[in-house]
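J.: These are the residues of each chain, in order.
Number of protein chains: 2
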Amino acid sequence: MEIIQSTANKTIKNLVKLHQKKYRDIENKYLIEGEHLIQEAKEAGVLKAVYSLSSYDVGVKNVLCSQEVLNKLSQQNSNAKLIGVCKKDETPTFPCDHILILNDIQDPGNLGTLLRSAYSFGFQKVILSENCVDLYNSKVIQSSQGALFHLQIQKRNIEQWIQEAKEENYTVYATALHDHSKYLNEICFQKKTALILGNEGCGLPLSLIEQCHECIKIEMAAFESLNVSIAGSICMYKAFIQQDQTE
Amino acid sequence: MEIIQSTANKTIKNLVKLHQKKYRDIENKYLIEGEHLIQEAKEAGVLKAVYSLSSYDVGVKNVLCSQEVLNKLSQQNSNAKLIGVCKKDETPTFPCDHILILNDIQDPGNLGTLLRSAYSFGFQKVILSENCVDLYNSKVIQSSQGALFHLQIQKRNIEQWIQEAKEENYTVYATALHDHSKYLNEICFQKKTALILGNEGCGLPLSLIEQCHECIKIEMAAFESLNVSIAGSICMYKAFIQQDQTE
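Protein chains in written order, with the numbering used here: chain A, 1 to 247; chain B, 1 to 247.
Chain A on its own, in the form it takes in the complex (with noise of 0.2 Å):
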């Protein structure tokens, strides 16, 4: 079996330039790391091939490189064992009652944290503003373990998409400093729900906010505000718990 020994060849320097947003589009392709995401992406369906220092197989092409090589596919350690390279996949639609917006979140880190609480809460489709943070950054997949490889996925205008979910009967909360806002234990989710995050640094924009039905604030002892992965999280748990307590 062919081991590459050499950072200069070919399919390796391609690989690498996946780690630029730029490339991932143009491939549709995407590197993730490690035993469990990468058993996560086999069972998704999205798994192609496994690069690795020995013998790894998981029912894909599998090659094997040095060290060396695994280090310079790798964005995390000095010390990488296994790389995947994924498809970038049709997200599967299907019917859901809670829904995740997430409007121009800028951190890889808040993303991949808040897919994971999606995904662990029962919010099984994520829509995402076009100015997010992109889905294939190789800290987004790390820090969903592998969430986004289960839920449905879709870039989109928000505001339309308000009006369409408006539409569908769903209740769009947005989580804001407002006016109107209400504290999350007053909050009485509806079964069809729409929760709309914002920016790390400058929250919601007004034009979106009006167009929700309701403004959620968390209750807090002191500060102004929460991180938005945790603000977030509190409010899906919330949901999640009520719903649950309902059927």
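Treat the hints with care, as some may be off.
Remember, identical chains collapse to one label, so a pair may be satisfied in a single copy or spanning two.
[Claimed, not checked] Result set (SDA-like, lysine to any residue): computed pairs, CA atoms no more than 20 Å apart in a straight line: (1) K42 to S54; (2) K10 to P92; (3) K192 to Q243; (4) K125 to F223; (5) K125 to E159; (6) K191 to A221; (7) K139 to Q76; (8) K125 to M220.
In short, the hints are calculated from the structure, not lab data.
Given the coordinates of chain A, work out where chain B should sit on it, guided by the hints.
T.: What follows is chain B alone, placed relative to chain A:
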């Protein structure tokens, strides 16, 4: 007024060493970045000097530097504007009912976010195990949004600390999947509450879990675990809300 132009300047070289924990420990100092943190540090009385591009008067020594020098001091981006030098302070002590205990948290973003949530939800005291990531790591400080300036934070042996907390009538809660774990929604947090969170990869050791009064698991639709800062923040929010409703 003197302007430091060279990254080879001796003062600058010594400040750059504060990027490493070893030197923060020796010098008992650390760096912070950006206006928000500098204001918070000033109010907390720990700010000693500000290095800036143009004059910045906040009542402490102000040193002007070139952009190149500021970038050398920064650990965040290539366009740093304000760097503050703080001294590690004796943490204040005051009685408080809700305490967060962090055992071997490794990710700086998680530690910082947990401090921000702790302060937001009235957990005014935080106990760190010896193996937690350094509190004065720049990412910890940044993601805490300055919460570390408001909290009582102590480094302790967690097993010993739990014994003392029990003697002071704290009810000690672990977050862990365990035979006896109760769902969060069934937990009635006591007035004196200590909440323990474990390491990102391996959770809490059984020896610590067994010392706790109750073990909490969070209701989920899918997956087995949440990000530790999410799990911890949801528990702290719940404890805060319950206390708020009792008072």
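J.: Would you mind marking each hint as holding or not holding in the structure?
T.: The hints, checked one at a time:
no., hint, verdict
1, K42 to S54, "within (18 Å within a copy, 54 Å between copies)"
2, K10 to P92, "neither (33 Å within a copy, 59 Å between copies)"
3, K192 to Q243, "within (10 Å within a copy, 30 Å between copies)"
4, K125 to F223, "between (31 Å within a copy, 16 Å between copies)"
5, K125 to E159, "within (17 Å within a copy, 42 Å between copies)"
6, K191 to A221, "between (30 Å within a copy, 16 Å between copies)"
7, K139 to Q76, "both (8 Å within a copy, 17 Å between copies)"
8, K125 to M220, "between (28 Å within a copy, 16 Å between copies)"
The structure is inconsistent with hint 2 alone, although it conforms to all the rest.
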